[in-house]
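Working from the sequences, and respecting the hints, build out all of it.
Protein sequences appear in the order of chains A, B and C.
Under this note's numbering, the residues of the first sequence are numbered 1 to 59, in order.
Under this note's numbering, the residues of the second sequence are numbered 1001 to 1275, in order.
Under this note's numbering, the residues of the third sequence are numbered 2001 to 2221, in order.
You may find that some hints are simply not true.
Unchecked claim - To give an idea of the chain B side of the interface with chain C (calculated C-beta under 8 Å), a few residues: (1) A1174; (2) Q1178; (3) A1184; (4) T1186; (5) L1188; (6) I1191; (7) I1199; (8) S1202; (9) W1206.
As the list claims (entries may be wrong) - Here chain A is said to cover these stretches of chain B; the calculated rule only asks that three of the stretch's residues, wherever they fall, bring their Cβ under 8 Å from a Cβ of chain A: (10) 1085-1093; (11) 1126-1139; (12) 1227-1237.
Hints listed in this document are in silico derivations from the structure and should not be mistaken for laboratory results.
By construction, the Cβ of each residue, glycine as well, lies at the ideal position given by its N, Cα and C atoms.
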Amino acid sequence: MPELSAFLAMGGYGLYVWSAYAVTGLVLGLLVLASLRARQSMRASLEEAELASPRRRAR
Amino acid sequence: MQAAPLCGLSATENAFITHAATWTEVMAKALHRLANPARFLRIVAPLLPWTAAGAAVCIGAGLWFGLVDSPPDYQQGDAARIMYVHVPAAWNALAGYAGLALASAVALVWRHPLALVAARCIAPIGACFTVIALATGSLWGHPMWGTWWVWDARLTSVVILLFLYLGYMTLIHAFDEQGTGERAATVLALIGAVNLPVIKFSVDWWNTLHQPASILRMDGPSIDPAMLLPLFLMAGGFTLLFVCLVIIRMQTELARRRVMALRRAALAVPQASDA
Amino acid sequence: MTFLRTVVERELRLYLRGIVDLIGVWMFFGIAIAMLPLSIGPDPEILSRIAPGAAWAIALLASMLSLERVFAPDQRDGSLDLLMLHAPSTPLLILAKSLAHWLVTGLPFVLLAPLAAIALGMDVQGVWPLACALLVGTPALSLIGTVGSALTAPVRRGGILAALIVLPQTIPVLIFGTAAVSETLKGRDSGPYFSVLGAFTLAAVALAPYAGSAALRAVRN
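Take a look at the structure:
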């Protein structure tokens, strides 16, 4: 696959180009993942707290 | 003489002032409507999937046009493709600080509770984009300048921007009481926003004083339109992603506050019945 | 005005009571400058080239050392409440605090400038520009530093945090302070640099008291 290897080589700058995209992807990916997981766990504890809340029990 | 409207201002100026006053009022009202966390959450929840989809489409298309379907730069070859992540990240880093300052101003002037939440959620995202801009700038600089780091005016300004973000994030967590940290960080964000143009001017000037002769300019005199398309696609995608992340983090933060309030209430009730 | 004088006198009295800390700050300035030839080498040509910047950077770091003493002790023992109660306006209090801070950690560096200039190979012709630049620029450092100190007043051991948030804000002063000295030494017209440096200080005098007052209001309720 000469086309693919030429694409990956990026005219000799492959290492730089792909590392730049990898760093970007890694940082943004981790940020998205961390944000989503934090929201998920916070929503779980919110549900728990709402179930345990005295106002809910009184109703 | 005393009948003269607003000490001798012309009619147009007066009209402008009244107009501006009405607009401020309208804006304040709109902001006030958004101040209710429940209403805010109701409004943004359906927006989130669309923003996320938009971000994914823009970034996907930007990657395609940036990496595959665009010509290499006539001077820098394929290394110029780093621009499609570097420049949008730098724009978002700057826009993030502008957003942080704006949210802080709204929080300080109108005592808007959601603006405080927005500001504290923007900061880490902006810092991440700043780090990306720095890392990709360094990776772009090595083949172009022959070194990983050059104290070029723009890179230096981005480093300082990172310091401002880090200072904000450290200060907001330095206090025992969350509200105090937020108020202190708000003031710091505004000081930074006022000072940032001065810093930028100083750094630019400092750079012309110490400019090494052999620096390759990152911006050519004109950019090929084929390069503009992926650039703007990526910039739009990153901005939408930024908005998405702010919404997600604000949802988390508001949920956290609600949990805290519920726990406090749960603690308070038995005490009240004891008394 | 009487309030300004009363507060400055009080501050100076308090600083004098902890004079050991102050002497430590001044000694830091001297010793840090002596470290430079030791790390870089005694070559006077290299030393004199980096001297203006080095002297400024060390002055900046040294003036950050005592930031914790500006507001934190008063906040801890409650005297800040009294000060704010008696102040005609909080910005005036900030101004007085900055002035006192500058008198003990800005002015001494101006007086130590001859020592620094000669030690760093700038020779006698470097004494005057360095002292002048420090005299014009260090008030801005104290004013910005006082704001940072106000922002961290209730934080336990907030000195490092104050320095962390203050340092990026002082970059313009550092750049133009250094340029004012080095351009004079190169024999070029350095008037504009001194003017810009003076403008920064004046802007800090005008704005920092209000920023500091907002900072105090933010962290104290």
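Against the structure, the hints come out as follows:
1. A1174: holds (5 Å)
2. Q1178: Given a least distance of 13 Å, the restraint on Q1178 of chain B is violated.
3. A1184: holds (5 Å)
4. T1186: Nearest chain C Cβ about 7 Å off; hint holds.
5. L1188: Interface hint status for L1188 of chain B: holds (6 Å vs cutoff 8 Å).
6. I1191: This hint holds: I1191 of chain B lies near chain C, its Cβ roughly 5 Å from the closest one there, short of 8 Å.
7. I1199: This hint holds: I1199 of chain B lies near chain C, its Cβ roughly 5 Å from the closest one there, short of 8 Å.
8. S1202: At 4 Å from the nearest chain C Cβ, S1202 of chain B passes the 8 Å test, so the hint holds.
9. W1206: With a minimum Cβ separation of about 5 Å from chain C (threshold 8 Å), the hint on W1206 of chain B holds.
10. 1085-1093: That given contact holds, which follows from 3 residues of the region 1085-1093 of chain B lying within Cβ reach (below 8 Å) of chain A.
11. 1126-1139: Check passed, 6 qualifying residues.
12. 1227-1237: violated (count 0)
Hints 2 and 12 from the list above are not met by this structure, while the remaining hints are.
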